[in-house]
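Q: The lines below spell out each chain.
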Amino acid sequence: MKAIYKIDEHLPETTQIVVRFARLNAPESINNYEPVAIDYSKLDYHDAESFNQSLMRHAGNSQVKKHEQKESSKNIAEKISGDFDISSLVGRVIECKVDISRRTILRMNRVNL
Amino acid sequence: MSDIKTYVKKCEDFYVCAETGEKGAFGYEFVEDRKTMYQYIVKGKISLITISGDDMTRQICSSDDGLIDVKKYKHRPLCCYADDDFFMIGFNTLHKNIDWVGEIKKESFYGNDDSWLIVFDGNPSINGKTLKRFDYAKLESKKYDVNLNNGVIGVFTKNSLI
Numbered sequence: 547m548k549a550i551y552k553i554d555e556h557l558p559e560t561t562q563i564v565v566r567f568a569r570l571n572a573p574e575s576i577n578n579y580e581p582v583a584i585d586y587s588k589l590d591y592h593d594a595e596s597f598n599q600s601l602m603r604h605a606g607n608s609q610v611k612k613h614e615q616k617e618s619s620k621n622i623a624e625k626i627s628g629d630f631d632i633s634s635l636v637g638r639v640i641e642c643k644v645d646i647s648r649r650t651i652l653r654m655n656r657v658n659l
Numbered sequence: 067m068s069d070i071k072t073y074v075k076k077c078e079d080f081y082v083c084a085e086t087g088e089k090g091a092f093g094y095e096f097v098e099d100r101k102t103m104y105q106y107i108v109k110g111k112i113s114l115i116t117i118s119g120d121d122m123t124r125q126i127c128s129s130d131d132g133l134i135d136v137k138k139y140k141h142r143p144l145c146c147y148a149d150d151d152f153f154m155i156g157f158n159t160l161h162k163n164i165d166w167v168g169e170i171k172k173e174s175f176y177g178n179d180d181s182w183l184i185v186f187d188g189n190p191s192i193n194g195k196t197l198k199r200f201d202y203a204k205l206e207s208k209k210y211d212v213n214l215n216n217g218v219i220g221v222f223t224k225n226s227l228i
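One line per chain: the protein sequences are S and V, in this order.
Our numbering puts the first sequence at residues 547 to 659.
Our numbering puts the second sequence at residues 67 to 228.
A few chain S residues facing chain V, derived, Cβ under 10 Å:
#1 Arg649
#2 Met654
#3 Arg656
DSS-like mimics (lysine-lysine), calculated; alpha carbons at most 25 Å apart, straight line:
#4 Lys138/V with Lys162/V
#5 Lys76/V with Lys109/V
#6 Lys224/V with Lys75/V
#7 Lys111/V with Lys71/V
#8 Lys89/V with Lys71/V
#9 Lys548/S with Lys75/V
#10 Lys138/V with Lys76/V
#11 Lys643/S with Lys548/S
#12 Lys111/V with Lys140/V
#13 Lys76/V with Lys548/S
#14 Lys172/V with Lys137/V
#15 Lys140/V with Lys75/V
#16 Lys588/S with Lys71/V
#17 Lys75/V with Lys111/V
#18 Lys71/V with Lys643/S
#19 Lys137/V with Lys171/V
#20 Lys548/S with Lys71/V
#21 Lys75/V with Lys588/S
Far from chain S by the CB rule (all over 12 Å, computed), these chain V residues:
#22 Val97
#23 Arg142
#24 Ile164
Please keep in mind that the hints were generated in silico from the structure rather than gathered at the bench.
All of these numbers come straight from a predicted model, not from anything done at the bench.
Just so it is clear, CB atoms sit at the ideal spot from N, CA and C, and this is done for glycine as well.
With the sequences and hints as input, model every part of the structure.
A: In structure tokens:
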């Protein structure tokens, strides 16, 4: 799943940013999702990738999850567990988790020699 | 049993991964993720395990092995088991059909336009510039004066299309 964010305001005196989060394929424009204020002094500024990851881990992931839970779905799914029989799954809608990569960004520094 | 922690950075022509874990940690890589061509074990010992049908192979790699060519595991599912607390760095091709040749440099050398340098350990000095672990540079066709200072540097050259 891909997410997006949009910084509405930067408040340097309080080291805060006001940010909206959404899923890339959200049913509404990101402007329709509630903004949240975040103290960015705790985020990782090493590079853009690190900032994105720390912003999402700090606030974005939970915001996106919250939006998703509020949205109504046209799909009604069931959970399965235990013994597995593939033929019994045909035609059924099964709920499962999207696998989130546990990989973290490695801090590399390009230098000129 | 704990998990192996993985760090990844896509650089311009390649990507670098680093993995760390405690003794007994276990990890796996799927076929599509396995693009590692060389590994350097900074600390400890790790087993690379492949299973194919009824056959299982296990290669134990340690910090004494220098730069390890692991191209034979490319695009194969691989399990990693930490025989000891470990820290390992991997050099990976970006595209499965591009081959690289890697070597550890211990002395001054001439570079070329298809090569990149990566610092694996310590604070080596190159052309008078002191570097640190995970610094990397694109090389040119010129001489590079190396003072290792007990550091470890790898140079990787794009070889050819496979």
